[in-house]
Amino acid sequence: MVDFGGWDMPVNYGSQIEEHHAVRRDAGIFDVSHMCVIDARGPRVREFFSKLIANDVAKLTQSGKALYSCMLNEAGGVIDDLIVYFLTESWFRVVVNAGTRDKDLAWMRGIAPQFGVELTERTDLAMLAVQGPNARAKVAELLPAEHRDAALALDVFFGRELGPWFVARTGYTGEDGFEIMLPTGEAARVWRALNEHGVKSAGLGARDTLRLEAAMNLYGNDMDEGQNPLESGLSWTVSFENPARDFIGRKALESLKAAGLQKKFVALLLEDRGVLRGHQKVIVAGQPDGEITSGTFSPTMEKSIALARVPRSTGAAVQVDVRGKLLNARVVKAPFVRHGKILVS
Amino acid sequence: MSNIPADLKYTKSHEWVRTLANGNVEVGITDHAQAALGDLVFVDVPEAGKSLGAGDSFAVVESVKAASDVYAPIAGTVVEGNSGLGSQPELINSEPYGAGWIMRLKPGGAPSGLLSAAEYQALLDAEG
Chain D
192 MVDFGGWDMP VNYGSQIEEH HAVRRDAGIF DVSHMCVIDA RGPRVREFFS KLIANDVAKL
252 TQSGKALYSC MLNEAGGVID DLIVYFLTES WFRVVVNAGT RDKDLAWMRG IAPQFGVELT
312 ERTDLAMLAV QGPNARAKVA ELLPAEHRDA ALALDVFFGR ELGPWFVART GYTGEDGFEI
372 MLPTGEAARV WRALNEHGVK SAGLGARDTL RLEAAMNLYG NDMDEGQNPL ESGLSWTVSF
432 ENPARDFIGR KALESLKAAG LQKKFVALLL EDRGVLRGHQ KVIVAGQPDG EITSGTFSPT
492 MEKSIALARV PRSTGAAVQV DVRGKLLNAR VVKAPFVRHG KILVS
Chain B
120 MSNIPADLKY TKSHEWVRTL ANGNVEVGIT DHAQAALGDL VFVDVPEAGK SLGAGDSFAV
180 VESVKAASDV YAPIAGTVVE GNSGLGSQPE LINSEPYGAG WIMRLKPGGA PSGLLSAAEY
240 QALLDAEG
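Note that the protein sequences, when read in sequence, are chains D and B.
Under our numbering, the first residue of the first sequence is numbered 192, with each subsequent residue one higher.
Under our numbering, the first residue of the second sequence is numbered 120, with each subsequent residue one higher.
A few of these clues could be false.
Said to hold, decoys possible - Here are the simulated DSS-like cross-link-like pairs (lysine-lysine), alpha carbons at most 30 Å apart as the crow flies:
no., chain 1, residue 1, chain 2, residue 2
1, B, LYS225, D, LYS516
2, D, LYS516, B, LYS169
3, D, LYS455, D, LYS442
4, D, LYS516, B, LYS131
5, D, LYS454, D, LYS472
6, D, LYS494, D, LYS516
7, D, LYS494, D, LYS448
8, D, LYS494, B, LYS169
9, D, LYS472, B, LYS169
10, D, LYS391, D, LYS256
11, D, LYS455, D, LYS391
12, D, LYS472, D, LYS455
None of these hints come from the bench; they were simulated from the model.
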């Protein structure tokens, strides 16, 4: 067990690699109750999020649709990354990280009053992520008959209430699956029932190797308040399209773009033997100007992979200082693995 | 419970030492150490001929979670690194005291400060 944002969480239940493979090949379950669920209510809630986050909630036109985004400070630094669900014009739900809960809530509460938005932390809800090619079918087996079809009909990146549960077709593994918010008192029973349906318990360790293979960022490793989303591989989550939308951090990002970005965020595949880890230096043109933000051994590829922030001019070949040895790595197109398939050769 | 064979010697840094018939010693990491590291994915073994002082780092074992140094229990000269670990680092998980050995060493002097199985067990008990 490790401390994770004040929560005692298991790194692994048994073999971390077996937990990883279970998610890629069948189904695994993660307890992600540490994630902080906040309901935002009020007639101007859409306006609130339009100001608060870098992605544009105008993209959310259908009830239940989710959007991934960063919440930025005025300097364009990333306060947190989050998922926001549009439920009604007066009710959005947002899920933020555990380690950033206090500062996120304080930041959001500083802005909400301008829009008459009321924020309620849903500490009454647990969250289970059931992920893998067979995950949705196995969850459906546990649902009451009247909710089964509705759950299976959910499109990718949509969520909806089904009785006391909120079921969303989202995740952090690069596999299909559900994230389920449910009353805390039900979580242990549902966990055991899923185990009995062949869904393997998986810990934080497998969650990290799965998300890295899927090239999904981890807050605190890959970006933080000292980094902007444009140099963190998150440009796709920033919407400049509507010139009238004055989201927090916009001016700073536009100045950075006008001045010319210095860094870029890349995926690396280690060609030599070894394991890339966070904070190792990436050597580009003889200079240690890049840094690995997350690195691991990919159980699916049986090679080491990483995400790194490197100079804009970086080409296809780099070296990484791994415990004093210079190892060869290659810049590749992310993600490494998706839906059980290796995408990098 | 960790497996701690009675016929081996141990270090406080969780290596084991087996004296071979020809006087050389075989070194690996303990069952406790492999369990704490988790699934091993990479081992950097030493090359034959390398000279080591007692307490020198002679290998790196990496699990999915972390990298750890392995330290020489005794001074000496490396006779052989276990090349089998290159393709099968998981042998350290499955057979820490057997096929998962890491190096064989020609001792440069008499070993000192090694722990018996009972002393190593007491160390693990104290670490909780």
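Hint check results:
With a C-alpha separation of about 27 Å, the suggested pair LYS225/B and LYS516/D falls inside the 30 Å cut-off, and the hint holds. The straight-line distance between the Cα atoms of LYS516/D and LYS169/B is roughly 17 Å, inside the 30 Å bound, and the hint therefore holds. Proposed proximity of LYS455/D and LYS442/D is supported: the alpha carbons are some 20 Å apart, at most 30 Å. For the given pair, LYS516/D sits about 28 Å from LYS131/B by alpha-carbon distance, which is consistent with the 30 Å threshold.
The suggested pairing of LYS454/D with LYS472/D holds, with an alpha-carbon distance near 14 Å, which does not exceed 30 Å. For the suggested pair LYS494/D and LYS516/D, the alpha carbons sit about 17 Å apart, so the restraint of at most 30 Å is met. Distance hint between LYS494/D and LYS448/D is unfulfilled; the C-alpha atoms sit about 35 Å from each other, more than 30 Å. Of the supplied pair hints, the one linking LYS494/D and LYS169/B holds, its CA atoms being roughly 28 Å apart against a limit of 30 Å.
Distance check on the hinted pair: LYS472/D and LYS169/B sit about 28 Å apart at the alpha-carbon level, within 30 Å; holds. About 28 Å separates the Cα atoms of LYS391/D and LYS256/D, which keeps this hinted pair within 30 Å; it holds. At roughly 37 Å between alpha-carbon atoms, LYS455/D and LYS391/D are farther apart than 30 Å, so this suggested pair is violated. Using a Cα cut-off of 30 Å, the hinted pair LYS472/D and LYS455/D holds, with the two alpha carbons roughly 15 Å apart.
Hints 7, 11, counting from the list given before, are not met by this structure.
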